[in-house]
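K.L.:
Line by line, the protein sequences give chains A and B.
For the first sequence, the residue numbers in the working numbering are 2 to 164.
For the second sequence, the residue numbers in the working numbering are 207 to 841.
The reader is advised that the hints may include incorrect statements.
Stated by the list, open to error - Dumping the calculated DSS-like pairs for lysine-lysine here, alpha-carbon to alpha-carbon at most 25 angstroms: (1) A:K102 <-> B:K541; (2) A:K102 <-> B:K633; (3) B:K405 <-> B:K579; (4) B:K664 <-> B:K632; (5) B:K834 <-> B:K634; (6) B:K710 <-> B:K695; (7) B:K632 <-> A:K102; (8) B:K541 <-> B:K579; (9) B:K801 <-> A:K102; (10) B:K801 <-> B:K773; (11) B:K317 <-> A:K43; (12) A:K106 <-> B:K825; (13) B:K318 <-> B:K288; (14) A:K102 <-> B:K802; (15) A:K106 <-> B:K802; (16) A:K158 <-> B:K695.
Simulated from the structure, these hints should not be mistaken for laboratory data.
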Amino acid sequence: MNEAAMMETPDAIDYMELDTIIETEYGLSRENLIMILQAIQKRYNYLPKPALTYLATKISLPMSQIYGVATFYSTFSLEPRGRNIISVCLGTACHVRGGAKIHEKLENMFQITDGQTTADHRFTLESVRCIGCCSLGPVIKINEDMHSRIQTDALEKILAQYE
Amino acid sequence: MKIQSLEDLNAIRRTYAKQIYAPEGIRINIGMASCGIAAGARAALNRAQEAFRGNATIQIRQTGCIGFCEQEPLVEILAADKPRIMYKKIQEDKIVEVIEGYLAGDFKTHKKWILGQMKDPRSLLEDEIENPLAAIRPVDGIPFMEEAPFYSAQIKVAMRNCGYIDPDRIEEYFARKGYVAFLQALKKNNPQEIIETIKASGLRGRGGGGFPTGIKWATCAKHHGNRYIICNADEGDPGAYMDRSVLEGDPHSVIEGMLIAALGIGSSQGYIYVRNEYPLAVKRLVTAIKQAKSYGLLGENIAGTDFSFNINISTGAGAFVCGESTALMASLEGKVGRPRAKYVHTVEKGFRESPSNLNNVETYANVPAIMLKGADWYTSMGTARSKGTKVFSLVGKINNTGLVEVPMGISLRDIIFKIGGGIPKKKKFKAVQTGGPSGGCIPEQFLDLPVDFDELAKVGSIMGSGGMIVMDQDTCMVDLARYFVDFLKDESCGQCNPCREGLKQMLKILTDICQGNGKEGDIELLEEIGAMMQKFSLCGLGTSAPNPVLTSILYFRDEYEAHIQDKKCPAGVCKPLFHYEIDADACTGCGVCAKKCPQGAVSGEKKKAHSIDQGKCIKCGICYEGCKFDAIRIC
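Bound-form chain A, shown alone (with noise of 0.2 angstroms):
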């Protein structure tokens, strides 16, 4: 069974780190949905599901509420996405400087399309629009860290520096 599959399994949820989660950080609150849903997706990657199925329990909300949540904000994630997270970004400023360049460059160079994952599980490709980091275009964020005046020659250093 690989790593994704058995997230998938309720026995690789943790249930008293969930509770720690939802009812001493949030307050069992149906309102710190979105909150709980972060910090969940923090400790695994991204939102398994029995975790969720957990959770709507828990805080008595229909599974269907608890889905529509996280399938309209574009930060959470129902698949298992890979250990580094590398965020394009292509907001205006970094549109005009060729941030779609560097993406694009990056969709080649692992042959996945944006929102996909690397078959080794070591990154996930996303796009995103806007850091705030305007002047410093084109940019890219890896986990929390910022590189910017990226070109597309120095991709392959940077990533390098991720395992």
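For chain A, the structure is supplied; the task is to place chain B on it using the hints.
P.N.:
Using the frame of chain A, we list chain B on its own:
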């Protein structure tokens, strides 16, 4: 310590004013907003800390963004009785050398790394207090920052502390007269007066709508129930980052603004809704709220009165539409962020069906300044119907990229050419896009237009949140319109037909035009769809979505026609619609293009005109950008 009175605050203020203006030893301010960090400020800070570890005379501090993003990382060094010097582009390899140079009193060796020196670092709130300038000794031969074109036309109200204080230290905010306005208002305990002052100041919503803030406050105060004070920090417009900058550089100005709003309107609970894409802003807000609580400026019975106020932070999850007030409130409730029709306004029934006052980050940041200096001072800046200052993010094809805060009424030309330093590489200005994806493109003939909510609306654009994207001759207006529509189509919540289907159809038509499949009647169809969306969409996203298309048709119809009729893209962006050729008369045969071409498509003998093999060319534009003799033509 809990602050009980203005005297308590003043005592702290004096101590820290010394630290930020005339420290013993030297103080190094490193611009550590997201943009600074991206440019390498963190590495520089670490290197400096390592090199001077254990040296008690050197304080190394992080500050927010002073606005000159093009020159980052920015490092400012100051000391009592010494000049206050701003160094530019200081990466980790330069920082130690720069500090040592300053310590030795040598301002010549690193002159090319100096941006300028500061004449007067005080904020405009401070002019009546004890003068800390006595300690500054300017040095000859270094230009003053205040006199540089980038700074001279600016007046910093909302951004008054960004770049001057450590945002993680509330005491430094106190030092620049922070929380004075709030404590004064608290002691006076006259909510009506607060609202009247804001009304009289003419402050209008800085998030884009431009609704008069005072009227909003007054209406909200009239409705009964648990009122909420909400701060919209869901800065979604690509190309606008002033809210991020204020939150990262001066979070307390926003908290103080919200406190004053809470006093005026009568509320005990506030929310700040921040974009998830701004992790540093969230971090700094969390710290700021904690510190304000520890001084008793947030929480129960503030400064010994019966006024209580708390602020919670809520993070968004990546939805542009959540910048719309009703969608934002739905999102705050943990729901899908879909707007609702505003038959009943949010000031009456908003968050949790209660009266809710929502303002933008920059609006709140203006409030303490207005309360301290008075409505008359604020109305002395600006035009008849747009008062005060506005922060713009000047980005795109412009020399001095950065954040600028200017009085309303200044002309677009002054912002772009005087402050912004014009277009790089001597290219020709084509248009400026204001207001983000909901705004419009303003062409050269309107550059003398004063910046004002109503004037911008007259030419089909909007002020919006203040993004200003400058475009030169190499930007294709059809492609840009397509880009915005593509963005908005992704971000439309899908609830109402005009927006959801209108954007989808517009994108299809625009994509066809960009690929050379445009047909007669497309322009008229775009205009028809646009007019329909403006009339019938549910929320502001839909009604303003056609703006980029409609304004670009209005001012650049010839470009659309060139795409459709001649199958040409005059700017050389839409790949199927142009090719590069080398002008044999202008080509000197220097060979740069042949060397740079990744496809090996350029060939020719040395010192003789080269040519491009169209079969091999992928139109990447590297040769076009690289040619120093303008010999490569877009055909």
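K.L.:
If a hint holds in the structure, say so; if it doesn't, say that too.
P.N.:
Here is how each hint holds up against the structure:
Proposed proximity of K102 (chain A) and K541 (chain B) is contradicted: the alpha carbons are some 36 angstroms apart, above 25 angstroms. Proximity of K102 (chain A) to K633 (chain B) is assessed by CA-CA distance (about 22 angstroms); at most 25 angstroms being required, the pair is judged to hold. Taken as a hint, the K405 (chain B) and K579 (chain B) pair is honoured in the structure, with Cα atoms around 14 angstroms apart against an allowance of 25 angstroms. Using a Cα cut-off of 25 angstroms, the hinted pair K664 (chain B) and K632 (chain B) is violated, with the two alpha carbons roughly 30 angstroms apart.
Between K834 (chain B) and K634 (chain B), the direct Cα distance comes to roughly 16 angstroms. Compliance with the 25 angstroms bound is thereby established for this hinted pair. A distance of roughly 6 angstroms separates the Cα atoms of K710 (chain B) and K695 (chain B); the hinted pair therefore holds under the 25 angstroms criterion. As the CA atoms of K632 (chain B) and K102 (chain A) are separated by approximately 24 angstroms, the hinted pair is consistent with the 25 angstroms bound. At most 25 angstroms may separate the alpha-carbon atoms for a hinted pair to count; K541 (chain B) and K579 (chain B) exceed this at roughly 41 angstroms.
Annotation: proposed proximity of K801 (chain B) to K102 (chain A) holds, straight-line Cα distance about 20 angstroms (limit 25 angstroms). For the hint linking K801 (chain B) to K773 (chain B), the alpha-carbon distance of about 31 angstroms lies beyond 25 angstroms, and the restraint is violated. In summary, the hint linking K317 (chain B) to K43 (chain A) is not supported, as the alpha carbons are separated by about 46 angstroms, beyond the 25 angstroms threshold. This hinted pair checks out: K106 (chain A) and K825 (chain B) have alpha carbons roughly 15 angstroms apart, not beyond 25 angstroms.
For the hint pairing K318 (chain B) with K288 (chain B), the CA-to-CA distance comes to about 19 angstroms; that is within 25 angstroms, so the pair holds. Between K102 (chain A) and K802 (chain B) the CA atoms are separated by roughly 17 angstroms; this keeps the pair inside 25 angstroms, and the hint holds. This hinted pair checks out: K106 (chain A) and K802 (chain B) have alpha carbons roughly 17 angstroms apart, not beyond 25 angstroms. At roughly 35 angstroms between alpha-carbon atoms, K158 (chain A) and K695 (chain B) are farther apart than 25 angstroms, so this suggested pair is violated.
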